[in-house]
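4 protein chains.
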Amino acid sequence: MRIGVLTGGGDCPGLNAVIRAVVRKGIDAHGWDVIGYRSGWQGPMTGESKPLGLDSVEDILTRGGTILGSSRTNPYKADGGVEQIRATLAKDGVDALIAIGGEDTLGVAKRLTDDGIGVVGVPKTIDNDLGATDYTFGFDTAVHIATEAIDRLHTTAESHHRALVVEVMGRHAGWIALHSGLAGGASVILVPERQFSVPQVVEWVERRFEREYAPIIVVAEGALPEGGAEMLQSGEKDAFGHVRLGGIGTWLAEEIAQRTGKESRAVVLGHTQRGGTPTAYDRVLATRFGLNAVDAVADKDFGTMVALRGTDIVRVKLSEATAELKTVPAERYAEAEVFFG
Amino acid sequence: MRIGVLTGGGDCPGLNAVIRAVVRKGIDAHGWDVIGYRSGWQGPMTGESKPLGLDSVEDILTRGGTILGSSRTNPYKADGGVEQIRATLAKDGVDALIAIGGEDTLGVAKRLTDDGIGVVGVPKTIDNDLGATDYTFGFDTAVHIATEAIDRLHTTAESHHRALVVEVMGRHAGWIALHSGLAGGASVILVPERQFSVPQVVEWVERRFEREYAPIIVVAEGALPEGGAEMLQSGEKDAFGHVRLGGIGTWLAEEIAQRTGKESRAVVLGHTQRGGTPTAYDRVLATRFGLNAVDAVADKDFGTMVALRGTDIVRVKLSEATAELKTVPAERYAEAEVFFG
Amino acid sequence: MRIGVLTGGGDCPGLNAVIRAVVRKGIDAHGWDVIGYRSGWQGPMTGESKPLGLDSVEDILTRGGTILGSSRTNPYKADGGVEQIRATLAKDGVDALIAIGGEDTLGVAKRLTDDGIGVVGVPKTIDNDLGATDYTFGFDTAVHIATEAIDRLHTTAESHHRALVVEVMGRHAGWIALHSGLAGGASVILVPERQFSVPQVVEWVERRFEREYAPIIVVAEGALPEGGAEMLQSGEKDAFGHVRLGGIGTWLAEEIAQRTGKESRAVVLGHTQRGGTPTAYDRVLATRFGLNAVDAVADKDFGTMVALRGTDIVRVKLSEATAELKTVPAERYAEAEVFFG
Amino acid sequence: MRIGVLTGGGDCPGLNAVIRAVVRKGIDAHGWDVIGYRSGWQGPMTGESKPLGLDSVEDILTRGGTILGSSRTNPYKADGGVEQIRATLAKDGVDALIAIGGEDTLGVAKRLTDDGIGVVGVPKTIDNDLGATDYTFGFDTAVHIATEAIDRLHTTAESHHRALVVEVMGRHAGWIALHSGLAGGASVILVPERQFSVPQVVEWVERRFEREYAPIIVVAEGALPEGGAEMLQSGEKDAFGHVRLGGIGTWLAEEIAQRTGKESRAVVLGHTQRGGTPTAYDRVLATRFGLNAVDAVADKDFGTMVALRGTDIVRVKLSEATAELKTVPAERYAEAEVFFG
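Chains A, B, C and D supply the protein sequences, listed in that same order.
Just so you know, we're using my numbering here: the first sequence kicks off at 9 and counts up by one.
Just so you know, we're using my numbering here: the second sequence kicks off at 9 and counts up by one.
Just so you know, we're using my numbering here: the third sequence kicks off at 9 and counts up by one.
Just so you know, we're using my numbering here: the fourth sequence kicks off at 9 and counts up by one.
Simulated from the structure, these hints should not be mistaken for laboratory data.
Incorrect hints may have been included.
[Unchecked claim] Subject to a maximum C-alpha distance of 30 angstroms in a straight line, what follows is the list of computed DSBU-like cross-link-like pairs (lysine-lysine):
(1) B:Lys85 / B:Lys308
(2) D:Lys308 / D:Lys99
(3) A:Lys58 / A:Lys308
(4) B:Lys308 / B:Lys270
(5) C:Lys58 / C:Lys270
(6) A:Lys270 / A:Lys85
(7) A:Lys308 / A:Lys99
(8) A:Lys270 / C:Lys58
(9) B:Lys99 / B:Lys58
(10) A:Lys58 / A:Lys85
(11) B:Lys308 / B:Lys334
(12) D:Lys270 / B:Lys85
(13) B:Lys270 / D:Lys85
(14) D:Lys99 / D:Lys58
(15) D:Lys58 / D:Lys334
(16) C:Lys325 / C:Lys85
(17) C:Lys325 / C:Lys99
(18) C:Lys270 / B:Lys58
(19) A:Lys270 / C:Lys85
(20) B:Lys58 / D:Lys270
(21) D:Lys99 / D:Lys325
(22) A:Lys58 / C:Lys99
(23) A:Lys58 / D:Lys58
(24) D:Lys58 / B:Lys270
(25) B:Lys325 / B:Lys308
(26) C:Lys308 / C:Lys85
(27) D:Lys270 / D:Lys58
(28) C:Lys58 / C:Lys99
(29) C:Lys270 / A:Lys85
(30) C:Lys58 / C:Lys325
Assemble the whole structure, with the sequences as input and the hints as a guide.
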């Protein structure tokens, strides 16, 4: 038996740990051949691949990124994409695929299974916004990095009686903001799930200053002020003719400065959150996902995705898996509000 | 209303995060007074306490240890211990207690509730061996530290074609060994749940050397060779008259060296695993435990303990909570065996 | 004998380590009293101070910031500022001062010594731009943090064939950019000491892409493109009426994107570089500075500053110490150019 | 022109950074070929080598260990070793060698130069005990790791009123103990340069307990109690027939426990100190060493070694370089004594 593996979508610590687990278990436990397709769905379309032997996955467990490369190519949006995949798999003698990726990658996996190609999915979203699984790998690493940054910023905030706004990832779901804000002892946490009131934020900030501590405000990149959606859409050009889109972190720091008269600064963590070596938590989760995806292939349980439920790895239908975005529920946000101000 | 909080048993990163959450929620959400009893159950026996205001928990979220101190004092093993506690609580006007600790501390909490004193428990075991909860805080930090050490040791193992044995915590349960071994890419993982065969370990070690990589063997402190329980009990004295008890890590490194003829070294991680700043994961879990313990007190739901189930914090009866040691099940160990050798 | 200590200017990891060393050595080795003046030179002007006993410096060695607070107050710019200081020292019975700070703080220290008040200086500049000393504490920590961020960004750059621009501190001197760029394996390092040619940067970036690796460009916040000084000064307002000043990192990322057609992103590390626990290197250096400053006071060697030369702590005249900005010399920049492209 | 590079002796973070710098500068700046000899001096004896192109050094800057492997082989202790080297270099067309290693490796480098083979040395000693250079790479990483461990142990020491002994590397020189002890806020630092009095150590420990803080004792592996040299030499066998040599850390913890009646534990950091990714400081130093070694080869300045003096990289004669062990001088130890007790 021969299986193929591929990674699609954005960068996420733990991808290589999944690949390694697939290769180790596929070869050592089942005696399969494993080949890696390059650049997401583009690989099985163009035939670009490389054999993955035991040696090829030595030393990748701790590395960020993906040794297979990634892309956002969608075979259903390309003429004859699915037929190309079918031809590649036939030529390579590949019996089944393991596809590691987010909503788009898994959506393709589902349709391919419906079209008769056996695929098992491994969920990947650094934002942790997939309903079918308790957690996804990469999330713990992102929270860890954001928390380390917040820890460092407390010092500067307090030495200079300054408000510091930290913008973290999270366009549609505020999980990274919620967890890093709780872990970092933030004075305010703002998430996309709930538009915030600037006067309320200012009140929390001022209450914090009154207690003689300097506030840290953690804001998800997708959070918006009340009525703010339109405001933030208007980009304009700077002196060099570049279009500037106001990031919410910088915008909020300026608002706070103007309304409180206190110094206020923004730090935008950006891509530092999604690169580098995964945390131990993410390595274990990614490894278990890879091992269990191989089990699903062995069981010919295609059209499924591995998922974490409590401490167990289970399988869920791909059709259910991608149905719904998992956002921060009101009661989890309410938990955090105890620490505001 | 006034509540007391105390910490018992061994050191564990996240204790202060629980205390902070109890204080913040008790004062800010409920308007209660909170006092901290010192040194576990000794505090309510002797009356040693300090008021915990909002200021007293600033700046403790990131700190290891416990600002309340700890002990292994058991009021049921001291004459009149329970009456002393009753008297202290009456004198201090304390209506309920939150007790943070392991099996012993929670066992006392259960009996005190039976004896009419309202206690809510927060579970603490760095070894993660409590059946009633998916995870306990401190465990992720211990795994993180052990994994960082293993990452570093790979280098040395490979540069010198040397076997390295890493002894981690875990007297009765091998969770830290299992998770850090998986995360660190160990060649062999040995746990207390299953006596190991030295010839089998040697075979894995030699297979690893044949692949031209150097083996890392992760061993829980409580793991034993087949028939080894008696062997390890015989301590003898060294040149200074000190009794020497052979740690399993050192013992195993010597066995491997003798049987393979390869250089072999042991590293015993020891107390570095249980001190210092908690990981983001543990800070979030500890904080949520603290918040939910306050809810339980508000609900007068005494004799319960907070626990993690999936992503939810739930309450379980203390009587059930401490009934059973959670050990590594055979199927979780089998997952890891794929990577042996 | 009684001495005072104060910290002035911006935040810098290691300030507390200096204070601790001053207190421990002042009390334990000399039997002096030590008092801490708050908020830089403002403290001795207003009399705001606190006694610094051994207990007050327990547990501060690892903390960022300063337990004394800081300010940019200059007694020579305030009416009667020097007389206020003289009066405070007389009232407090303080015989000499240790002033920890940058160019401004040390400039005041020098003038006060000329005016008959005994001051010893401890140099502090996170940018490492003080000519009289090989290194200053805080610099190694900043380089460490920037390097960790660059390490993480490599992953993302390579997984997505993307150029990443990292903006680090350094308004007038490029030391942090030079060291973190070397340590992080940057493809281009840009410093304030030399205006850069955008076409040259683009050439390096494209050469790097041709080698199939993604480029990381490290740029000091004070670096400028040729002829760029004027361009960057023109701020304009965004949709919210906030003035936007184009940071060089963001500007450069956009230029690279436009000229190469490749995706390009900027990460601005900002205040994360100057907060949090100091590295071991900085703790040792800061501690030795503090100890040696006490020696200088004991020798009544006022008007001097402690400095690192090789592995020795020496004293230099404050008049010489602040004479000259230490910038990156051409030969050090040439060393790094080997790695460009 | 073609040059060879090799690494000898024990593991040390930064070796790969030197190799990378040699390759990048050799190829890009000079247009040379570079080949890597494997396993120290064994490589040029047996002819085992690999070409080092630009690709071969991508991605190695951050890795511990050495991509060339290492050994302790000495051509002057093997029959015809030097002639073998001469033959290999002739066959490979290699004009000069860069040898990265400690006292032994550099001693061979010196003799080979005397025998007409052009060698430039790069000093490597994690213990920092080489007189000719201010610092060597690897040392800062070792101090960093030891300091992180000490930071974590403070928590446990204080929560449990326990003395903790931390054994760090340093057989003949106490630099790692001195720097990590200063950086970690140790209560006692013990080095090989000065035999220690157990009663004095106990006095410091007890004074520390009286101040209500728990003592951390940092001890170099080569430190000895007064009159202790003989005592520690007598090994005996344990129940398994293994010879046990009492490590000084464990021995001292037991002594302290017996003499103070307080709990006392030892942690032996061991090989974790010499593996893994180098600190930014060590990467910069190693990189500069590599670059400057290439300059020395270009200048045909053989028989020299690169060294750090202040912030400059200089060249020193190999004959002088290895003449003397750099131990901790009395005045540096006296600096630290201020913090004892």
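Going down the list of hints, with the structure as the test:
no. : hint                : in the structure
1   : B:Lys85 / B:Lys308  : holds, 27 angstroms
2   : D:Lys308 / D:Lys99  : holds, 21 angstroms
3   : A:Lys58 / A:Lys308  : holds, 24 angstroms
4   : B:Lys308 / B:Lys270 : violated, 62 angstroms
5   : C:Lys58 / C:Lys270  : violated, 57 angstroms
6   : A:Lys270 / A:Lys85  : violated, 51 angstroms
7   : A:Lys308 / A:Lys99  : holds, 21 angstroms
8   : A:Lys270 / C:Lys58  : holds, 26 angstroms
9   : B:Lys99 / B:Lys58   : holds, 14 angstroms
10  : A:Lys58 / A:Lys85   : holds, 25 angstroms
11  : B:Lys308 / B:Lys334 : holds, 28 angstroms
12  : D:Lys270 / B:Lys85  : holds, 23 angstroms
13  : B:Lys270 / D:Lys85  : holds, 23 angstroms
14  : D:Lys99 / D:Lys58   : holds, 14 angstroms
15  : D:Lys58 / D:Lys334  : violated, 35 angstroms
16  : C:Lys325 / C:Lys85  : holds, 23 angstroms
17  : C:Lys325 / C:Lys99  : holds, 28 angstroms
18  : C:Lys270 / B:Lys58  : violated, 61 angstroms
19  : A:Lys270 / C:Lys85  : holds, 23 angstroms
20  : B:Lys58 / D:Lys270  : holds, 26 angstroms
21  : D:Lys99 / D:Lys325  : holds, 28 angstroms
22  : A:Lys58 / C:Lys99   : violated, 80 angstroms
23  : A:Lys58 / D:Lys58   : holds, 24 angstroms
24  : D:Lys58 / B:Lys270  : holds, 26 angstroms
25  : B:Lys325 / B:Lys308 : holds, 13 angstroms
26  : C:Lys308 / C:Lys85  : holds, 27 angstroms
27  : D:Lys270 / D:Lys58  : violated, 57 angstroms
28  : C:Lys58 / C:Lys99   : holds, 14 angstroms
29  : C:Lys270 / A:Lys85  : holds, 23 angstroms
30  : C:Lys58 / C:Lys325  : holds, 29 angstroms
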